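Protein chains: 2
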Amino acid sequence: MKNVTQLEDAPASLGASSRAHTPDIEERILRLFTCPEDAVPRGAETISNMVHAFANETRVSSDVSYDALTKLFMESRIPLEPEDIEQYLCDLDNRVVAHSTNTGSPRFVGHMTSKLPGFMSELAKLVVGLNQNVVKAETAKAATPYERQAIAMVHRLIFEQSDEFYREHIQNTSSTLGAVASGGTLANLFALWCARNHVLGAGNESQGTETEGLAAALKAHGYIGAVIIGSALMHYSLEKAAGLMGLGTASLIKVPVDASNRVIPAKMRTAIEDARANQQAIVAVIGVAGTTDTGAIDPLPEIAQLAQEYDIHFHVDAAWGGPVLFSRQHRHKLQGITGADSVTIDGHKQLYLPMGIGLTIFRNPTKARAVEKQARYIIRPRSVDLGRRAIEGSRPSAAIYLHAGLNILGARGYEYLMDQGISKAAYFADRVNTMPEFELLVEPEINIVVYRYVPEQLRDKAAGKALTPEDNQLINDWNTALQKIQRQSGNSFVSRTALSTTCYGPEPAIISLRAIFANPLTTLSDIELVLNEQLQIARSMPAGSFSLRRAV
Amino acid sequence: MKNVTQLEDAPASLGASSRAHTPDIEERILRLFTCPEDAVPRGAETISNMVHAFANETRVSSDVSYDALTKLFMESRIPLEPEDIEQYLCDLDNRVVAHSTNTGSPRFVGHMTSKLPGFMSELAKLVVGLNQNVVKAETAKAATPYERQAIAMVHRLIFEQSDEFYREHIQNTSSTLGAVASGGTLANLFALWCARNHVLGAGNESQGTETEGLAAALKAHGYIGAVIIGSALMHYSLEKAAGLMGLGTASLIKVPVDASNRVIPAKMRTAIEDARANQQAIVAVIGVAGTTDTGAIDPLPEIAQLAQEYDIHFHVDAAWGGPVLFSRQHRHKLQGITGADSVTIDGHKQLYLPMGIGLTIFRNPTKARAVEKQARYIIRPRSVDLGRRAIEGSRPSAAIYLHAGLNILGARGYEYLMDQGISKAAYFADRVNTMPEFELLVEPEINIVVYRYVPEQLRDKAAGKALTPEDNQLINDWNTALQKIQRQSGNSFVSRTALSTTCYGPEPAIISLRAIFANPLTTLSDIELVLNEQLQIARSMPAGSFSLRRAV
Numbered sequence: 057m058k059n060v061t062q063l064e065d066a067p068a069s070l071g072a073s074s075r076a077h078t079p080d081i082e083e084r085i086l087r088l089f090t091c092p093e094d095a096v097p098r099g100a101e102t103i104s105n106m107v108h109a110f111a112n113e114t115r116v117s118s119d120v121s122y123d124a125l126t127k128l129f130m131e132s133r134i135p136l137e138p139e140d141i142e143q144y145l146c147d148l149d150n151r152v153v154a155h156s157t158n159t160g161s162p163r164f165v166g167h168m169t170s171k172l173p174g175f176m177s178e179l180a181k182l183v184v185g186l187n188q189n190v191v192k193a194e195t196a197k198a199a200t201p202y203e204r205q206a207i208a209m210v211h212r213l214i215f216e217q218s219d220e221f222y223r224e225h226i227q228n229t230s231s232t233l234g235a236v237a238s239g240g241t242l243a244n245l246f247a248l249w250c251a252r253n254h255v256l257g258a259g260n261e262s263q264g265t266e267t268e269g270l271a272a273a274l275k276a277h278g279y280i281g282a283v284i285i286g287s288a289l290m291h292y293s294l295e296k297a298a299g300l301m302g303l304g305t306a307s308l309i310k311v312p313v314d315a316s317n318r319v320i321p322a323k324m325r326t327a328i329e330d331a332r333a334n335q336q337a338i339v340a341v342i343g344v345a346g347t348t349d350t351g352a353i354d355p356l357p358e359i360a361q362l363a364q365e366y367d368i369h370f371h372v373d374a375a376w377g378g379p380v381l382f383s384r385q386h387r388h389k390l391q392g393i394t395g396a397d398s399v400t401i402d403g404h405k406q407l408y409l410p411m412g413i414g415l416t417i418f419r420n421p422t423k424a425r426a427v428e429k430q431a432r433y434i435i436r437p438r439s440v441d442l443g444r445r446a447i448e449g450s451r452p453s454a455a456i457y458l459h460a461g462l463n464i465l466g467a468r469g470y471e472y473l474m475d476q477g478i479s480k481a482a483y484f485a486d487r488v489n490t491m492p493e494f495e496l497l498v499e500p501e502i503n504i505v506v507y508r509y510v511p512e513q514l515r516d517k518a519a520g521k522a523l524t525p526e527d528n529q530l531i532n533d534w535n536t537a538l539q540k541i542q543r544q545s546g547n548s549f550v551s552r553t554a555l556s557t558t559c560y561g562p563e564p565a566i567i568s569l570r571a572i573f574a575n576p577l578t579t580l581s582d583i584e585l586v587l588n589e590q591l592q593i594a595r596s597m598p599a600g601s602f603s604l605r606r607a608v
Numbered sequence: 057m058k059n060v061t062q063l064e065d066a067p068a069s070l071g072a073s074s075r076a077h078t079p080d081i082e083e084r085i086l087r088l089f090t091c092p093e094d095a096v097p098r099g100a101e102t103i104s105n106m107v108h109a110f111a112n113e114t115r116v117s118s119d120v121s122y123d124a125l126t127k128l129f130m131e132s133r134i135p136l137e138p139e140d141i142e143q144y145l146c147d148l149d150n151r152v153v154a155h156s157t158n159t160g161s162p163r164f165v166g167h168m169t170s171k172l173p174g175f176m177s178e179l180a181k182l183v184v185g186l187n188q189n190v191v192k193a194e195t196a197k198a199a200t201p202y203e204r205q206a207i208a209m210v211h212r213l214i215f216e217q218s219d220e221f222y223r224e225h226i227q228n229t230s231s232t233l234g235a236v237a238s239g240g241t242l243a244n245l246f247a248l249w250c251a252r253n254h255v256l257g258a259g260n261e262s263q264g265t266e267t268e269g270l271a272a273a274l275k276a277h278g279y280i281g282a283v284i285i286g287s288a289l290m291h292y293s294l295e296k297a298a299g300l301m302g303l304g305t306a307s308l309i310k311v312p313v314d315a316s317n318r319v320i321p322a323k324m325r326t327a328i329e330d331a332r333a334n335q336q337a338i339v340a341v342i343g344v345a346g347t348t349d350t351g352a353i354d355p356l357p358e359i360a361q362l363a364q365e366y367d368i369h370f371h372v373d374a375a376w377g378g379p380v381l382f383s384r385q386h387r388h389k390l391q392g393i394t395g396a397d398s399v400t401i402d403g404h405k406q407l408y409l410p411m412g413i414g415l416t417i418f419r420n421p422t423k424a425r426a427v428e429k430q431a432r433y434i435i436r437p438r439s440v441d442l443g444r445r446a447i448e449g450s451r452p453s454a455a456i457y458l459h460a461g462l463n464i465l466g467a468r469g470y471e472y473l474m475d476q477g478i479s480k481a482a483y484f485a486d487r488v489n490t491m492p493e494f495e496l497l498v499e500p501e502i503n504i505v506v507y508r509y510v511p512e513q514l515r516d517k518a519a520g521k522a523l524t525p526e527d528n529q530l531i532n533d534w535n536t537a538l539q540k541i542q543r544q545s546g547n548s549f550v551s552r553t554a555l556s557t558t559c560y561g562p563e564p565a566i567i568s569l570r571a572i573f574a575n576p577l578t579t580l581s582d583i584e585l586v587l588n589e590q591l592q593i594a595r596s597m598p599a600g601s602f603s604l605r606r607a608v
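Protein chains in written order, with my numbering: chain H, 57 to 608; chain F, 57 to 608.
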């Protein structure tokens with residue numbers, strides 16, 4: 057390793073710019089890059105302690121309000137002089153870590169962010185330390201085939217092709233079994249980008265939408281618009297995709313769902329027929345495997361059948377539910393996924409990987425060629441570079457987390473994780489069902505439970521299914537306030553959402569508490585604590601205040 | 057912290073699924089999450105040693121060929137049983153780390169990926185350990201205002217607004233001073249998405265392109281197409297943006313550049329006039345501040361003037377060059393950037409942050425409202441959630457790296473880094489100019505040098521500017537081969553590109569060697585070593601072989 061003294065061979069002729077810097081700045085900056093013994097280990101130990109202390113905390117967050125917290129972050133000037141690392145880390149600890157959300161707390165059961173295995177934060181040091189850039193093999197020599205391998209493993213989990221298939225494609229640079237992106241939004245977008253370019257590809261004297269644009273391609277192909285068809289409960293990332301790709305969010309055709317929040321295939325068929333009748337290109341039909349609100353899984357075999365019958369790209373958004381494939385007991389819920397043309401799975405959800413890993417997996421390894429790009433300084437034709445078929449350019453070797461997770465947890469490890477979450481959700485739903493204060497809103501399909509608190513004066517009406525819209529509005533206000541108070545207290549956490557598909561009909565949407573069970577360290581005691589805290593909060597709430605403020 | 061024994065309060069009634077797992081699996085997986093003393097520190101030390109050894113290596117890569125390397129990554133099955141961490145890390149070290157590209161080597165001067173300060177890999181442990189999800193304040197309570205602060209600091213670096221301006225907007229949830237995305241491609245896309253939605257917004261009885269789609273919005277606004285206008289040397293991410301957004305890559309109007317690779321304003325004006333005459337909506341004009349090939353900076357004041365005159369969104373792609381603003385000596389090269397409506401800067405380039413951090417900075421804090429999305433379980437109207445105005449959904453608190461970099465390096469630290477790179481590039485260009493074996497192809501504007509080796513028999517013709525296209529093709533073949541041999545040897549590295557803007561005209565494009573000086577540990581000895589190695593390689597190359605294979 058270079059050290060500061062070795063740099064003395066840089067002659068003074070490096071020029072005025074070099075001399076303009078005080079020797080002090082040069083020395084301090086070079087120390088940060090060379091990491092002599094007395095510099096980094098100090099910081100390293102401080103950070104290890106910070107991580108350790110944070111992981112040992114069971115509280116979900118501090119009770120400082122968000123508004124009060126913002127006052128700590130008002131300075132907009134970049135400091136002129138370098139700040140001492142230890143001092144910076146101390147500030148970071150006091151201002152950021154102390155008020156961070158403890159997503160790994162066993163009592164944080166409200167969002168799709170959960171506890172990670174401890175080795176993931178250690179691996180992070182390696183991912184950043186290696187600083188590979190996977191856009192190009194020249195900056196990611198081993199990370200390139202390594203990522204291809206990890207992607208192939210996930211492909212095999214979903215599509216179960218033959219040994220021969222994988223031997224042929226796993227390291228074949230013409231093939232794209234899938235891609236790693238920074239999240240599920242990009243993974244969905246990537247799949248739909250490929251699908252759009254196929255449907256509106258070159259032909260009919262058009263070079264296709266990717267080259268000529270959407271308006272010209274639609275015209276050439278005899279369409280007046282293009283749509284994406286899926287459940288009314290599709291993730292909002294698909295709205296982004298429709299808006300961003302120039303289709304418009306209105307082109308996202310939202311097909312009604314049944315009482316279990318699963319799309320109704322007969323209505324999807326009608327939507328397809330309508331689109332065809334109205335000269336709309338159908339970019340894709342989408343099946344959701346684990347809706348964000350309730351974890352519902354669409355009837356994938358029926359959608360696959362429709363997609364095949366009408367020759368439409370079938371995309372499965374399994375960002376949440378995909379890893380249920382590991383569970384021998386529950387994988388039948390994803391039956392039909394093998395009929396998908398593309399599948400999204402989020403690594404940072406139920407693969408228990410760090411934030412920012414979305415996977416798009418393609419059944420057909422040629423599908424992603426529809427978006428191929430080249431540049432002369434990298435990703436030249438015939439190159440092995442992963443950047444040739446991707447939305448992103450420069451990106452880290454996040455496949456290190458994926459590959460390590462798949463191997464260190466193993467299929468059986470993931471099976472255990474899936475099963476324990478689903479079991480806890482069933483337990484939680486049972487508890488809710490047995491407590492008169494609560495109403496279970498949807499029977500959980502996997503590990504998400506939506507329910508609500510019902511104030512005492514309305515429990516009889518609720519039990520008799522006789523609630524009016526005004527009653528539901530009142531209950532909504534109770535639950536909004538309850539969730540906010542619980543969140544603010546910082547002791548435990550569930551999220552809230554609004555459901556239009558309960559037995560109460562679409563209006564008003566029912567404000568629901570939402571509990572998600574992924575953290576394997578969440579015990580049944582934690583579950584009781586979450587529910588008991590809600591009862592306590594409800595008892596302390598002044599009923600009269602709810603007409604003042606509607607749900608935000 | 058929970059440990060395994062505390063989990064015993066989970067009753068057996070958790071059901072069949074739980075019992076289906078062997079106690080061994082359950083215990084092993086829970087140990088990975090609880091990190092008892094004997095588990096993680098072992099892995100932690102191994103990883104620290106791996107990172108340390110890698111950082112101490114000066115070689116750029118192993119000499120194993122890419123094809124040979126792929127043979128190590130052929131298994132496509134996910135192992136059934138969890139693998140031992142130590143065993144996995146040992147494999148990772150042997151198969152991946154050993155063959156990774158040492159982008160931090162002082163002799164790796166070929167791509168925009170360089171050495172990072174040592175504290176970045178330590179911070180990675182914290183970023184992953186905290187596992188914040190910045191899409192929503194409920195999963196990133198402190199990380200949300202903290203990111204807003206870091207973004208405001210970069211905004212101030214570029215736009216230098218008043219104290220009052222920053223007090224008003226820095227923590228104001230209605231304002232978006234900028235956004236953090238996973239890279240420059242997304243940062244450019246985000247800026248252009250906002251710009252497109254403004255130009256083709258609601259009005260003329262249309263709800264605008266985001267809702268109704270591009271075809272309908274163009275029609276409503278009386279356009280027949282939409283274009284993006286910028287230099288012929290725009291980054292290929294802008295092609296992705298044009299394709300993805302439905303404009304089509306052909307709608308990217310590439311304006312010619314001068315001999316310094318800077319766009320010619322008069323020709324840009326013509327392109328604007330042509331687009332207007334042809335009923336094309338102009339989504340944006342783009343100025344490049346640091347082209348990927350040569351580091352050229354477009355004449356930003358002139359483009360800003362055009363943008364203002366024609367009322368067009370002005371985007372500056374300063375992914376590479378943006379941090380030159382820190383240099384008192386060189387910041388004048390970016391004069392005019394204050395006239396931009398949006399600016400892209402990459403954190404993982406010249407802010408020396410880990411891979412995967414692109415910043416879009418908006419002069420006007422209301423600009424990003426054009427892409428706002430909501431969802432009922434998160435990012436509700438009026439919420440403080442950063443996910444409301446972003447391409448990505450879930451994402452890590454990468455602002456930790458940004459904020460730490462800005463503070464721990466400080467403005468003067470970044471100034472030093474910018475100046476040393478520019479000085480070394482000037483030194484390198486001087487050396488190339490004085491050596492008869494090499495030809496400097498473009499005078500470096502900042503810290504990128506493009507040059508080539510000229511075989512002996514053509515040096516006189518080259519000196520006399522009398523090379524024919526056939527001569528240049530032969531020289532191209534020499535340089536392609538030379539770069540590949542140097543890359544394969546693994547001792548040092550420069551990249552190669554193809555230039556159509558040299559004094560030799562567009563055909564054939566001139567294959568060029570490309571050296572980039574960012575690593576502060578690169579010494580003048582390293583520079584000599586890189587050049588000497590190229591001379592040695594050239595001397596050993598059999599001239600006759602070059603007609604066999606064209607540049608790849």
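I should point out that these hints are in silico values taken from the structure, not numbers from a laboratory.
Keep in mind that a hint or two might mislead.
Said to hold, decoys possible - Some residues of chain H that are not near chain F, with every Cβ distance over 10 Å (derived):
#1 E82
#2 S117
#3 T169
#4 M597
Said to hold, decoys possible - With a cut-off of at most 27 Å between alpha-carbon atoms, the simulated DSS-like pairs for lysine-lysine come out as follows:
#5 H:K310 x F:K127
#6 F:K275 x F:K429
#7 F:K517 x F:K540
#8 H:K127 x H:K517
#9 F:K429 x F:K127
#10 F:K310 x H:K429
#11 F:K275 x H:K275
#12 H:K310 x H:K323
#13 F:K310 x H:K275
#14 F:K127 x H:K540
#15 H:K429 x F:K540
#16 H:K310 x F:K275
#17 H:K310 x H:K275
Nothing here was measured: the structure is a model prediction, and the numbers come from that model.
Here a beta-carbon is modelled for each residue, glycine too, at the ideal position from N, C-alpha and C.
Checklist line | Restraint status (C-alpha distance of K310 (chain H) to K275 (chain H) at most 27 Å) | finding: Within the cut-off at roughly 25 Å; holds.
#### Entry: K127 (chain H) paired with K517 (chain H) [C-alpha distance capped at 27 Å]
violated (46 Å)
Minimum Cβ separation between S117 (chain H) and chain F greater than 10 Å? violated (5 Å)
>> Can you confirm whether the C-alpha distance between K310 (chain H) and K275 (chain F) stays at or below 27 Å?
In response: holds (25 Å)
- Task: Verify the proposed pairing of K310 (chain F) with K275 (chain H), using a straight-line Cα cut of 27 Å.
- Result: With Cα atoms ~25 Å apart, K310 (chain F) and K275 (chain H) stay inside 27 Å; holds.
- [ ] Quickly compare the C-alpha distance for K127 (chain F) and K540 (chain H) to 27 Å and report which way the hint goes.
- [x] violated (54 Å)
- Item | Given pair status - K540 (chain F), K517 (chain F), alpha carbons within 27 Å | holds (25 Å)
task: Quick one: work out the minimum CB distance from M597 (chain H) to chain F and report holds if it exceeds 10 Å, violated otherwise.
output: holds (20 Å)
| said: Check the hint pairing K275 (chain F) with K275 (chain H) against an upper bound of 27 Å on the C-alpha distance. | reply: Holds, at about 13 Å.
Discussion item. Hinted pair, alpha-carbon criterion (27 Å max): K429 (chain H), K540 (chain F). Please report holds or violated.
Written reply: holds (22 Å)
### Message
At 10 Å, judged by beta carbons, does T169 (chain H) keep clear of chain F as stated?
### Response
Not fine: 5 Å to the nearest Cβ puts T169 (chain H) too close to chain F.
Between the alpha carbons of K310 (chain H) and K323 (chain H), is the straight-line distance 27 Å or under? OK: K310 (chain H) and K323 (chain H) at ~10 Å, within 27 Å.
Hint violations for this structure: numbers 1, 2, 3, 5, 8, 9, 14, all remaining hints satisfied.
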